[in-house]
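**Q** Construct the entire structure; sequences and hints are all you get.
Protein chains in written order, with our numbering: chain X, 2 to 352; chain H, 2 to 352.
It cannot be assumed that every hint is accurate.
Given that identical chains are not distinguished, each listed pair holds provided it fits within a single copy or across any two copies.
Here are the simulated DSS-like cross-link-like pairs (lysine-lysine), alpha carbons at most 27 Å apart as the crow flies [unchecked claim]:
#	residue 1	residue 2
1	6	163
2	243	6
3	163	99
4	4	243
5	16	99
6	102	243
7	4	99
8	16	52
9	102	4
10	16	6
11	251	226
12	16	226
Because the hints were derived from the structure by calculation, they are not lab data.
This is what each chain is made of:
Number of protein chains: 2
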Amino acid sequence: MTKLKNDTFLRALLKESVDYTPVWMMRQAGRYLPEYRETRSRAGDFLSLCKNAELACEVTLQPLERYPLDAAILFSDILTIPDAMGQGLYFEVGEGPKFRKIIRTAADVEALIQPNMDDELDYVMNAVRVIRHELNGRVPLIGFSGSPWTLATYMVEGGSTKDFRHIKAMMFDQPEVLHQLLGRLADSVTDYLNAQILAGAQAVQIFDTWGGVLGSREYREFSLKYMERITAGLLRENEGRKVPVILFTKNGGQWLETMADTGADALGLDWTTDIGDARRRVGNRVALQGNMDPCVLYASPRRIREEVGRILDAYGEGSGHVFNLGHGIHQFADPTHAGAFVDAVHELSAR
Amino acid sequence: MTKLKNDTFLRALLKESVDYTPVWMMRQAGRYLPEYRETRSRAGDFLSLCKNAELACEVTLQPLERYPLDAAILFSDILTIPDAMGQGLYFEVGEGPKFRKIIRTAADVEALIQPNMDDELDYVMNAVRVIRHELNGRVPLIGFSGSPWTLATYMVEGGSTKDFRHIKAMMFDQPEVLHQLLGRLADSVTDYLNAQILAGAQAVQIFDTWGGVLGSREYREFSLKYMERITAGLLRENEGRKVPVILFTKNGGQWLETMADTGADALGLDWTTDIGDARRRVGNRVALQGNMDPCVLYASPRRIREEVGRILDAYGEGSGHVFNLGHGIHQFADPTHAGAFVDAVHELSAR
Numbered sequence: 002m003t004k005l006k007n008d009t010f011l012r013a014l015l016k017e018s019v020d021y022t023p024v025w026m027m028r029q030a031g032r033y034l035p036e037y038r039e040t041r042s043r044a045g046d047f048l049s050l051c052k053n054a055e056l057a058c059e060v061t062l063q064p065l066e067r068y069p070l071d072a073a074i075l076f077s078d079i080l081t082i083p084d085a086m087g088q089g090l091y092f093e094v095g096e097g098p099k100f101r102k103i104i105r106t107a108a109d110v111e112a113l114i115q116p117n118m119d120d121e122l123d124y125v126m127n128a129v130r131v132i133r134h135e136l137n138g139r140v141p142l143i144g145f146s147g148s149p150w151t152l153a154t155y156m157v158e159g160g161s162t163k164d165f166r167h168i169k170a171m172m173f174d175q176p177e178v179l180h181q182l183l184g185r186l187a188d189s190v191t192d193y194l195n196a197q198i199l200a201g202a203q204a205v206q207i208f209d210t211w212g213g214v215l216g217s218r219e220y221r222e223f224s225l226k227y228m229e230r231i232t233a234g235l236l237r238e239n240e241g242r243k244v245p246v247i248l249f250t251k252n253g254g255q256w257l258e259t260m261a262d263t264g265a266d267a268l269g270l271d272w273t274t275d276i277g278d279a280r281r282r283v284g285n286r287v288a289l290q291g292n293m294d295p296c297v298l299y300a301s302p303r304r305i306r307e308e309v310g311r312i313l314d315a316y317g318e319g320s321g322h323v324f325n326l327g328h329g330i331h332q333f334a335d336p337t338h339a340g341a342f343v344d345a346v347h348e349l350s351a352r
Numbered sequence: 002m003t004k005l006k007n008d009t010f011l012r013a014l015l016k017e018s019v020d021y022t023p024v025w026m027m028r029q030a031g032r033y034l035p036e037y038r039e040t041r042s043r044a045g046d047f048l049s050l051c052k053n054a055e056l057a058c059e060v061t062l063q064p065l066e067r068y069p070l071d072a073a074i075l076f077s078d079i080l081t082i083p084d085a086m087g088q089g090l091y092f093e094v095g096e097g098p099k100f101r102k103i104i105r106t107a108a109d110v111e112a113l114i115q116p117n118m119d120d121e122l123d124y125v126m127n128a129v130r131v132i133r134h135e136l137n138g139r140v141p142l143i144g145f146s147g148s149p150w151t152l153a154t155y156m157v158e159g160g161s162t163k164d165f166r167h168i169k170a171m172m173f174d175q176p177e178v179l180h181q182l183l184g185r186l187a188d189s190v191t192d193y194l195n196a197q198i199l200a201g202a203q204a205v206q207i208f209d210t211w212g213g214v215l216g217s218r219e220y221r222e223f224s225l226k227y228m229e230r231i232t233a234g235l236l237r238e239n240e241g242r243k244v245p246v247i248l249f250t251k252n253g254g255q256w257l258e259t260m261a262d263t264g265a266d267a268l269g270l271d272w273t274t275d276i277g278d279a280r281r282r283v284g285n286r287v288a289l290q291g292n293m294d295p296c297v298l299y300a301s302p303r304r305i306r307e308e309v310g311r312i313l314d315a316y317g318e319g320s321g322h323v324f325n326l327g328h329g330i331h332q333f334a335d336p337t338h339a340g341a342f343v344d345a346v347h348e349l350s351a352r
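**A** Structure, rendered in structure tokens:
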């Protein structure tokens with residue numbers, strides 16, 4: 002493998018010394034970029050884009066052509082695993098993801114396929130290999146997966162949801178069925194992330210987009226526990242180098258202390274938590290990633306810079322900070338403003 | 002005025018001794034009740050229902066006919082104030098609220114009318130008077146308003162929003178314009194709640210539905226500060242009795258300590274915070290209202306009862322707890338399950 006030219010991101014995740022605070026943006030390959038929209042329209046639908054390694058690589062690299070980002074992230078869908086387990090994922094124009102089969106009973110869980118990484122999910126590993134090759138050591142490549150709880154919400158609701166009606170009915174009334182599903186998912190996610198690591202991912206992030214809709218007790222029992230199990234099962238070293246693990250629970254600010262005890266190297270923060278307070282709460286256990294409100298990108302470059310400075314100051318001295326937005330960049334963000342954001346992080350943090 | 006027969010709710014808010022934990026449900030007059038849907042269809046659209054005092058009274062009392070609730074809450078819309086300020090609220094079938102005029106500039110804020118409680122908003126006070134009369138001292142009547150920040154999100158976005166794009170652009174780039182708007186709203190909300198109190202409301206709740214989408218700093222500056230100002234301007238006594246004030250910020254669990262310093266009598270909690278932890282954090286300063294996940298009502302009555310017991314135990318001994326859901330009851334909740342919930346609170350908390 003080619004030598005990594007910029008390892009600032011990996012070093013910061015391991016709290017090793019760095020010359021500046023590294024930065025990337027969740028959903029950095031996305032609709033706010035005209036070149037992304039162009040590739041996407043060539044690909045046809047979203048799933049075809051994810052399943053075509055060359056096009057997935059093309060969109061992964063697009064933000065790196067524009068901005069001096071310190072990491073690339075695999076372009077893929079969060080629902081590849083439920084699809085590979087046999088649910089039949091599809092997208093309807095103007096609507097969110099849908100499944101042909103919906104999971105509601107123990108028998109539905111039983112009938113799920115345990116996916117093979119070299120078969121149903123090989124297209125993802127193929128994309129990782131192509132992207133890693135094309136990156137040519139420029140910056141590290143992040144692999145990712147949805148958390149078991151987050152994946153389960155889509156699998157049980159049959160798509161996106163606002164009220165989490167069916168998954169929570171299952172959680173409160175048939176917790177054993179949900180645990181069975183989450184256990185199956187934890188195994189699949191572990192295999193999936195390990196396969197991404199072996200294919201070339203140099204760090205991995207678990208996206209727990211919907212953990213924040215749970216009560217504290219349910220969060221620990223139905224989301225965090227399974228992320229902990231995955232973390233324990235991951236290859237933490239590959240190609241002679243540590244592979245850091247990042248956990249991100251949106252709206253998880255109340256639970257950072259317990260999240261820091263999972264064995265993950267870093268926690269992602271949304272913007273509702275002050276990063277200085279978060280650092281005091283987690284101590285030396287983990288690095289922190291975040292946490293500017295993506296809506297700051299709607300403000301002027303001057304204001305963006307001010308906000309970046311404020312967050313850097315709040316984090317304070319020392320390594321262990323990866324700058325990011327507190328959630329994915331919005332589709333209406335101005336690409337110039339995203340550039341002002343990345344530059345501000347580098348300039349204001351340079352030591 | 003008729004003597005209040007059941008003042009358990011008011012006593013618990015003031016941390017006075019009670020024989021059992023009082024309970025009501027946010028959105029208790031709502032679509033989950035067939036009798037509500039029937040009245041609503043007679044009224045025509047939602048706004049006509051709010052503007053007709055007899056029908057608003059009818060739906061307010063409906064849940065009290067079914068369940069032994071300890072409080073009634075005025076049936077009204079959260080957007081009465083922006084409408085009265087001249088924005089022209091309307092509802093389109095199957096869609097959320099919309100405004101004919103949208104607020105984006107200092108001139109737009111300037112052009113808003115300061116509403117008169119005896120004129121543009123008299124229909125609300127009229128509903129309060131009719132409901133209070135019809136309640137005949139059975140239980141106290143709660144008045145309410147949206148918080149300035151929450152109202153501003155609708156006023157600036159032009160309706161409901163998922164990304165808070167325009168209001169946050171204003172917040173980050175033109176904070177002075179937003180402060181001007183929030184100041185106007187704080188004055189109107191103060192007048193509005195005081196008029197409700199004089200018309201007969203015996204407690205008031207400020208709903209900060211969208212405060213939780215802010216960073217900690219922005220929450221204090223753009224939401225909490227204005228709720229504090231309102232709280233300071235409210236009539237805290239009427240008819241020889243204290244009028245308690247409840248603040249509820251959805252997803253505000255990280256900020257309970259600062260919320261407890263506003264001078265409010267009680268804080269509403271959503272279900273993501275453990276009520277025992279919350280009590281330890283706020284100490285003796287405020288009572289707590291909440292906090293069962295409304296999705297528990299999708300589970301069996303046995304499970305609902307178990308969850309009620311768990312929350313009562315977590316709160317612990319002593320007064321200062323008003324039981325509620327952590328958010329409005331969902332439209333698909335089974336009315337029988339809501340009844341099981343109310344009964345469980347009364348039975349399990351009886352001292």
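**Q** None of the hints should be skipped; say for each whether it holds.
**A** Hint check:
| no. | hint | verdict |
| --- | --- | --- |
| 1 | 6 to 163 | neither (43 Å within a copy, 39 Å between copies) |
| 2 | 243 to 6 | within (16 Å within a copy, 68 Å between copies) |
| 3 | 163 to 99 | both (14 Å within a copy, 20 Å between copies) |
| 4 | 4 to 243 | within (14 Å within a copy, 72 Å between copies) |
| 5 | 16 to 99 | neither (40 Å within a copy, 49 Å between copies) |
| 6 | 102 to 243 | neither (39 Å within a copy, 56 Å between copies) |
| 7 | 4 to 99 | neither (41 Å within a copy, 56 Å between copies) |
| 8 | 16 to 52 | neither (35 Å within a copy, 60 Å between copies) |
| 9 | 102 to 4 | neither (44 Å within a copy, 58 Å between copies) |
| 10 | 16 to 6 | within (18 Å within a copy, 63 Å between copies) |
| 11 | 251 to 226 | both (16 Å within a copy, 25 Å between copies) |
| 12 | 16 to 226 | within (25 Å within a copy, 37 Å between copies) |
Of the numbered hints stated above, those contradicted by the structure are hints 1, 5, 6, 7, 8, 9, listed in ascending order.
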